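There are 4 protein chains.
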Amino acid sequence: MDYKLAVRDNHPEDTVIDIPGKSGITRIGKGYCTIIAGPCAVESRDKYLEIAMQVKNMGAHILRGGAFKPRTSPYSFAGLGIEGLKILEEARDITGLPVITELMDIRDLEQVCRYSDIIQIGSRNMQNFSLLREVGRVNKPIMVKRGLAATIEEWLLAAEYVLCEGNEKVILCERGIRTFEVMTRNTVDIGAVALLKDLSHLPIIVDPSHATGKRHLVKPVAMAAVAAGADGLMIEVHQNPEEALSDGPQSLTPELFISVLDNLKGIAALNNRIFQ
Amino acid sequence: MDYKLAVRDNHPEDTVIDIPGKSGITRIGKGYCTIIAGPCAVESRDKYLEIAMQVKNMGAHILRGGAFKPRTSPYSFAGLGIEGLKILEEARDITGLPVITELMDIRDLEQVCRYSDIIQIGSRNMQNFSLLREVGRVNKPIMVKRGLAATIEEWLLAAEYVLCEGNEKVILCERGIRTFEVMTRNTVDIGAVALLKDLSHLPIIVDPSHATGKRHLVKPVAMAAVAAGADGLMIEVHQNPEEALSDGPQSLTPELFISVLDNLKGIAALNNRIFQ
Amino acid sequence: MDYKLAVRDNHPEDTVIDIPGKSGITRIGKGYCTIIAGPCAVESRDKYLEIAMQVKNMGAHILRGGAFKPRTSPYSFAGLGIEGLKILEEARDITGLPVITELMDIRDLEQVCRYSDIIQIGSRNMQNFSLLREVGRVNKPIMVKRGLAATIEEWLLAAEYVLCEGNEKVILCERGIRTFEVMTRNTVDIGAVALLKDLSHLPIIVDPSHATGKRHLVKPVAMAAVAAGADGLMIEVHQNPEEALSDGPQSLTPELFISVLDNLKGIAALNNRIFQ
Amino acid sequence: MDYKLAVRDNHPEDTVIDIPGKSGITRIGKGYCTIIAGPCAVESRDKYLEIAMQVKNMGAHILRGGAFKPRTSPYSFAGLGIEGLKILEEARDITGLPVITELMDIRDLEQVCRYSDIIQIGSRNMQNFSLLREVGRVNKPIMVKRGLAATIEEWLLAAEYVLCEGNEKVILCERGIRTFEVMTRNTVDIGAVALLKDLSHLPIIVDPSHATGKRHLVKPVAMAAVAAGADGLMIEVHQNPEEALSDGPQSLTPELFISVLDNLKGIAALNNRIFQ
Chain A
1 MDYKLAVRDN HPEDTVIDIP GKSGITRIGK GYCTIIAGPC AVESRDKYLE
51 IAMQVKNMGA HILRGGAFKP RTSPYSFAGL GIEGLKILEE ARDITGLPVI
101 TELMDIRDLE QVCRYSDIIQ IGSRNMQNFS LLREVGRVNK PIMVKRGLAA
151 TIEEWLLAAE YVLCEGNEKV ILCERGIRTF EVMTRNTVDI GAVALLKDLS
201 HLPIIVDPSH ATGKRHLVKP VAMAAVAAGA DGLMIEVHQN PEEALSDGPQ
251 SLTPELFISV LDNLKGIAAL NNRIFQ
Chain B
1001 MDYKLAVRDN HPEDTVIDIP GKSGITRIGK GYCTIIAGPC AVESRDKYLE
1051 IAMQVKNMGA HILRGGAFKP RTSPYSFAGL GIEGLKILEE ARDITGLPVI
1101 TELMDIRDLE QVCRYSDIIQ IGSRNMQNFS LLREVGRVNK PIMVKRGLAA
1151 TIEEWLLAAE YVLCEGNEKV ILCERGIRTF EVMTRNTVDI GAVALLKDLS
1201 HLPIIVDPSH ATGKRHLVKP VAMAAVAAGA DGLMIEVHQN PEEALSDGPQ
1251 SLTPELFISV LDNLKGIAAL NNRIFQ
Chain C
2001 MDYKLAVRDN HPEDTVIDIP GKSGITRIGK GYCTIIAGPC AVESRDKYLE
2051 IAMQVKNMGA HILRGGAFKP RTSPYSFAGL GIEGLKILEE ARDITGLPVI
2101 TELMDIRDLE QVCRYSDIIQ IGSRNMQNFS LLREVGRVNK PIMVKRGLAA
2151 TIEEWLLAAE YVLCEGNEKV ILCERGIRTF EVMTRNTVDI GAVALLKDLS
2201 HLPIIVDPSH ATGKRHLVKP VAMAAVAAGA DGLMIEVHQN PEEALSDGPQ
2251 SLTPELFISV LDNLKGIAAL NNRIFQ
Chain D
3001 MDYKLAVRDN HPEDTVIDIP GKSGITRIGK GYCTIIAGPC AVESRDKYLE
3051 IAMQVKNMGA HILRGGAFKP RTSPYSFAGL GIEGLKILEE ARDITGLPVI
3101 TELMDIRDLE QVCRYSDIIQ IGSRNMQNFS LLREVGRVNK PIMVKRGLAA
3151 TIEEWLLAAE YVLCEGNEKV ILCERGIRTF EVMTRNTVDI GAVALLKDLS
3201 HLPIIVDPSH ATGKRHLVKP VAMAAVAAGA DGLMIEVHQN PEEALSDGPQ
3251 SLTPELFISV LDNLKGIAAL NNRIFQ
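Those protein sequences? They're chains A, B, C and D, same order as listed.
Mapping the first sequence onto the numbering used here, position 259 (from 1) lands on 259, and the numbers just tick up by one.
Numbering-wise, the numbering used here comes out as the position in the second sequence, counting from 1, plus 1000.
Numbering-wise, the numbering used here comes out as the position in the third sequence, counting from 1, plus 2000.
Numbering-wise, the numbering used here comes out as the position in the fourth sequence, counting from 1, plus 3000.
To be clear, the hints were calculated from the coordinates, so they are not data collected in a lab.
Since the model is a prediction, treat every value here as computed from it, not as a measurement.
C-beta: ideal position from N, C-alpha, C; glycine also.
Misleading hints may appear alongside valid ones.
List time: in silico PhoX-like cross-link candidates among lysine-lysine, alpha-carbon distance up to 20 Å [claimed, not checked]:
id: 1; chain 1: C; residue 1: Lys2265; chain 2: D; residue 2: Lys3214
id: 2; chain 1: D; residue 1: Lys3214; chain 2: C; residue 2: Lys2197
id: 3; chain 1: A; residue 1: Lys22; chain 2: A; residue 2: Lys56
Only some residues are given here: those of chain D computed to face chain A with a beta carbon under 7 Å [unchecked claim]:
id: 4; residue: Met3104
id: 5; residue: Ser3130
id: 6; residue: Ala3149
id: 7; residue: Cys3164
id: 8; residue: Asn3271
id: 9; residue: Phe3275
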């Protein structure tokens, strides 16, 4: 295989990524269990600021929210764009938490860097090699989501594209792969999480929301992820999932989110992970 | 869907299966975390009795060992047959633990019933409907492994074949599904475990050995399985995995097995499960 | 790999299988394009005899019809059993065509051998190794359908199970594999057909009905199969597909069947294949 | 589903795309069988001009050649870039044939439009929605390859992204999907070709080279594609496949390419397709 930088051979110790914020440094990687939470998309200023404060108060470490949304259909809601980025910035100011948002288009790189603390490369762009090379040249952590049908090897080589341009702050995110199963939205590959903790030094986050597509499966899959060694979770939370413009069926209510966090703390402690 | 007996609609409470043995009753189902362990195949009397005592002393609750082995190639070792069954019986006597073994051929049903406490229907026979109906007519617990590419619906309907003949003692076993990923032998579907705990009242066991095909992934995947709600695990353990006639790369040494059990106890306690 | 008898190494020339019948010998293999047709299941004597005469008059070479039907749900119509076999025998007498039917249960082997000219092993039993070994000991051609998610290697090794018991009359049948695509019932693997014509000497038949699950796709996929080198086709035809007890949406009306045959003759001629 | 422009509902007649060139108009769509040929990548001026003249003289209608190559590993040969585009232009001048090349990066759009007659969107970018929207605003035919694990619905919606921006010249290209099968590089979905000819008015091309990954399977799969209704083929041809910088094992020699064309002409004639 063609790995150089993504694997342990030349980098035996785990990578830990520091994300500075108003309230101090948030860490992702060895020894930490980091929770990223928020709605799928930034839908409006008021709603976003409200949910941001809620998840912060419940214990989330990083805020998520899409300003640019990759949608299968050209006719679906595709995010608020720059306006969404500005709302994220405001939420960051108010909560003191760092934010993560997706970058879909190279031409938006400067703006996304300005407003976001972590840049997400979505599943559909995991092999958008121009985009990977570009984010390899900025000084921001990059979270690379696994492609819908990407092998572990291809995923690591996507990370390698970022690393080989000089950006060492790469986070992997398992969000489920596509299989023939239809009762869940995707099939979360828990074995890949375990395998990558051994093969690679990069932190790995699991997204149980996209992986299952069903609200009531988020808790058990989140617990399984941390038990298998994941360094954190990315969880969709929405005030009124029924009214969400995207991904409602897999979004937790704030009440469910608290309950998930409670359970995660036990597992994290068992694995000697710090819940910051 | 065509479920009647496998789902909670007409059977809201969890099924718990009692398996009587020399040392008392072993339980599989709600509230318990049951460990099935042993080598892939019964290879010889001496080796089997030795490993049986070892895993018993380490804390395993049920012994596994194949007498009839389904092998992809007609030229591979296919098990010791009836001789293997007799060795299982001897191990049961010596250890006091119940045993589970696979039934492949309807014509062996009587013998397998005589020597084994639980009958395993393997992945390749998950839709061998004649076999399913036959084991639906005996008074033994039946463990139905998920087919290599079976949907959750098909798997539940396979269980339904057994249940509708009158046998209520059905256990499901997730052993990984086939995907495009090649770094692991199969892809364990942890979301299916979580989903089935909700949809069905039947106990569900996870087989992290077949699911991953790699020894060092057994522990994290086993922990994930229990965290996701599995009622137990089936784990391959061999004195000398290097010399195993089948499945060596995924078999644990006894030392590794102890270490896995230690970790599992913590997770089981967290989920309020009794480690018998 | 563990092939000995299924591949060309020790058997360079193509296998051609002769099936004797009242109207002479029907051939499957090199140089022929053999059409197997009929309804999914034998539903009643009158209906079966009628459709059998129709497809015979239209040019089919072999009659299909299920007496024992493997059904995902235990509550679905599972065939007429022995009564169905007797109807097949009558159809064979009346039309002079050989018949093929599926064997699901070892205990039915003698009866199926008595009434059927070719024995079909269905997808769900492709790795029912006891069944494969048994049909390796009878003097009847065996058609081994590819498993729902079987690799080419596993499929050839299933054929090897039959061959290594002494039965050289093995026919492969590609019926589509399971993928994530939902607009077709299965994904017919046309590349596997081409690859097997090179790797193996065994005849290969394609089943465009199960492979697509949609009536209007049967013709183009049937044409593609013969263009890729298939030795024949197995096509579901029913007088009233709307009323079929199984597989109605993929069954052709007799009118559509004629039209498919017309198109196939052109392709077969182009590939120098004899339409018997 | 969310289709408006890609399906027949509002556009019952087949789309035919005219590509003007020095030697006249080349057509893709109903009634034509159009052959796109050339090496995977433009590797050097001399080699490209040589193979371009060869495939032109043999009967190819359009030249292919990658200047920007999406490579799984960042350390693989990624194409000659702008220099490659200039070589394509020279080949177009010399042969009089139109050329097609892949666009990976929005920032290269102007240059690719300047030098290429058709713009290819590769599998890995099938859901690069920014790129799709941009090419929807230029006056060039766009060939959208199916994603590695894209459903037919997602593929059509990718086409819809281009169409809804005003560019009506969209061509679909089936290049095989990812499955568990390892003996072929991908699994060509011949049923999807048949289904799309019915559901959509857009022309569909099949790429038997990427679909199989094996030189000797290109001919039978190419024949199958045309038999199933494909409007043309994209075939990799290289003077010395052994020395190709990418995709050597699936590239035809010029001699094999002639032989494939000969066979295709027969099938095309049978389907009343004009081989221009």
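Hints and how they fare:
1. A threshold of 20 Å between alpha carbons decides the hint, and for Lys2265(C) with Lys3214(D) the separation of about 29 Å lies outside it, so the pair is violated.
2. Among the hinted pairs, Lys3214(D) with Lys2197(C) is consistent with the structure: their alpha-carbon atoms are about 14 Å apart, no more than 20 Å.
3. The straight-line distance between the Cα atoms of Lys22(A) and Lys56(A) is roughly 13 Å, inside the 20 Å bound, and the hint therefore holds.
4. With its C-beta approaching chain A no nearer than about 6 Å, Met3104(D) sits inside the 7 Å limit, and its interface hint holds.
5. Interface restraint check for Ser3130(D): the shortest CB-CB distance to chain A comes to about 4 Å, inside 7 Å, so the restraint holds.
6. At its closest, the beta carbon of Ala3149(D) sits 3 Å from a beta carbon of chain A; the interface hint therefore holds under the 7 Å criterion.
7. Against a cut-off of 7 Å between C-beta atoms, the interface hint on Cys3164(D) holds, since the closest Cβ of chain A lies about 5 Å away.
8. The interface hint given for Asn3271(D) is violated, since its Cβ lies 32 Å from the closest Cβ of chain A, which is over the 7 Å cut-off.
9. The closest approach between the C-beta of Phe3275(D) and any C-beta of chain A is roughly 35 Å, which is over the 7 Å cut-off, so the hint fails.
This entry does not satisfy hints 1, 8, 9, going by the numbered hints stated previously.
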